[in-house]
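**Q** What follows is each chain in one-letter form.
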Amino acid sequence: MEKLLEVHDLHVAFSTYGGTIKAVRGVNFYLHKGETLAIVGESGCGKSVTSQAIMRLIPEPPGKIVRGKVMFKGKEITRYTEKQMRSIRGVEISMIFQDPMTALNPTLTIGTQLMEGLQEHQSIRGETATSKALEMMHLVGIPNPKERLKQYPHQFSGGMRQRIVIAMALICEPELLIADEPTTALDVTIQAQILELFTTIQAKTGISIILITHDLGVVAKIADRIAVMYAGKIIETGTKRDLFYNQQHPYTKGLLKSVPRLDLKEEQLSPIDGTPPDLFAPPQGCPFTARCPYAMEVCDNVYPVTTERSSSHRVDCWLQDKRAQQLLARTANQ
Amino acid sequence: MAKVILEVNRLKKFFDVNRNQTLQAVNDVSFQINEGETFGLVGESGCGKSTIGRTILGLYHKTAGEVLYDGEDIHSLKENDRFKLHKKMQMIFQDPYASLNPRSTVQEIISEPMEIHRLYRHKKEIKERVYQLLAEVGLQRDHANRYPHEFSGGQRQRIGIARALALNPEFIIADEPISALDVSIQAQVVNLLKEIQHEKGLTFLFIAHDLSMVKQISDRIGVMYLGNLIELTKSEQLYDHPYHPYTKALLSAIPIPDPEVEEKRERIILQGELPSPINPPSGCVFRTRCPMAMLICEQQKPPFREIAPEHFVACHLYS
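Protein chains in written order, with this note's numbering: chain A, 76 to 409; chain B, 5 to 323.
Hints listed in this document are in silico derivations from the structure and should not be mistaken for laboratory results.
Hints may contain errors.
[Claimed, not checked] Heads up, simulated EDC-like pairs for lysine to aspartate or glutamate below, C-alpha to C-alpha not over 16 Å straight-line:
no.: 1; chain 1: A; residue 1: 315; chain 2: B; residue 2: 266
no.: 2; chain 1: A; residue 1: 328; chain 2: B; residue 2: 262
no.: 3; chain 1: A; residue 1: 340; chain 2: B; residue 2: 240
no.: 4; chain 1: A; residue 1: 315; chain 2: B; residue 2: 262
no.: 5; chain 1: A; residue 1: 340; chain 2: B; residue 2: 223
no.: 6; chain 1: A; residue 1: 315; chain 2: B; residue 2: 267
no.: 7; chain 1: B; residue 1: 252; chain 2: A; residue 2: 338
no.: 8; chain 1: B; residue 1: 92; chain 2: B; residue 2: 77
no.: 9; chain 1: A; residue 1: 315; chain 2: B; residue 2: 264
no.: 10; chain 1: B; residue 1: 268; chain 2: A; residue 2: 338
no.: 11; chain 1: A; residue 1: 332; chain 2: B; residue 2: 244
no.: 12; chain 1: B; residue 1: 127; chain 2: B; residue 2: 116
no.: 13; chain 1: A; residue 1: 97; chain 2: A; residue 2: 84
no.: 14; chain 1: A; residue 1: 340; chain 2: B; residue 2: 244
no.: 15; chain 1: A; residue 1: 340; chain 2: B; residue 2: 77
[As the list claims (entries may be wrong)] If we take Cβ atoms under 8 Å as the criterion, some of the chain B residues that face chain A in the derived model are:
no.: 16; residue: 192
no.: 17; residue: 243
no.: 18; residue: 257
Owing to the predicted nature of the structure, the values given are computational and were not obtained by experimental measurement.
In this text, a Cβ means the ideal position worked out from N, Cα and C, and glycines have one as well.
Generate coordinates for the entire structure from the input sequences, incorporating the hints supplied.
**A** Here's what the structure looks like:
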């Protein structure tokens, strides 16, 4: 399969009065054409910063892409000038944000905002633009598109606004859609509608999606592959099956155990004790050491090497090392 | 039979939007909470669940109906008696960032209710009590002198819980206490609440939109839609045998973190959006989105009745 996007050794830092925050610390991943990759992690793990870095939306200063490269369709877009980036944003890569309330301009009609991208990037105006906008509104399931086009954002509900934002993102027919927590601000019944919409749109247009979320239920529903982030690093990545049924990293295991499941009767939830590390001074070794029930001495000092369990499944954990396996076997026998 | 500690009878709370429009936030809701149980109230945003919580505490004046705590009508109490009652009823708020005064130390935040109610005569006693409370919620003694911004979301919520426990209340209303927290931290806070309840025999009203968490903590659950209570039963029963079409849709909309289960599930996708509570539909409020709506649903409001032991539903399908 063709790789649409490749991210190599991405480092992003923010300088603040308190010091430098190393938000993303060496992230590697790729995305095939037509697939959905979910980036999962808790707040502050760097998942949103990673996506903003791809789009080059990190405010500079205080932020900075320190190192690494992003390849889109074989071209290194990290070297692009701002002008070149503008020709990609919204045309080849689109992004939708968490909060549909703030992503729209309250003083412009929905129609104006929808067609802005067409005018800007493809010089499509007038009736052609209107008919394209109507077509998009139909695709995202907005009833009475003709009248709705003339209305303002406040006349739409949260779910409808998110549909508009999706329509805006898709109007120039991009090849990659980055969705940053697209359903977090919505109610579950509306979330179900929007997730269904993603699936239909992907089937119709073959678009690739990077979905950033903290909700493992959403991931189980629509992702093909998953990358789990913790403290600025991808600590485990694999197919949906790899991560849900054969997860290896203690953090991934802990995360799955700490979410309650509607379909099971459990007595007690098993939370992960402690809190994520401070990214002003990230630990030298594995960042999960302080919360990890299996932490060894080596974990404190050296960041684990990446183990490839299969062509799709990679884990950064010392437990994968042969010596650790022997140690585990020995403790289990005692 | 357990003792009923809180009784909400035909409670209504309307807000005036302008001269000729009213928002019907809570419309004719009745339920009872037994001593020592956790009662979960779920529903989507705008369904009136938080308004109920606030009206029960007397933070809002009711429009009609009554709220009885231990047989006493909360809304007709004199100020002095109400003050005493608030010692028994406390609240944990949703946003751990907004509900703690950023200019007060943890010590000051937790001791404030004790000072207002003059629980102790000496400052030293209060200090000791603060330390004790901090330990109960899993924080350390030296945290007392710090300010809220020095804590993470989960820790802040623990401070909020310590403040709610300061007066040794009997009844706690927790309004979305975990929705602002990360998943791994949510489980920590839910377990803490469960522990505290177990130790102290507290009664909880747990308000949330996350059904999977509510199921974890609640004995009985009430489901709300557009200001109405539409189903109420024991927690397990609600998940195993939901009756109301809205409850069914709500349950099926929650994604389960297991791809195989997720693939096999049948999903009921509700069409349309929540109607406005300013101008709610006639008859059954859910009829505009209900896949089984009938003619009668438009004409008559379905009564809230017991259709199985301890299982109440407001739906014409079961009459």
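**Q** Quick check: which numbered hints come out false for this structure?
**A** 11 and 15
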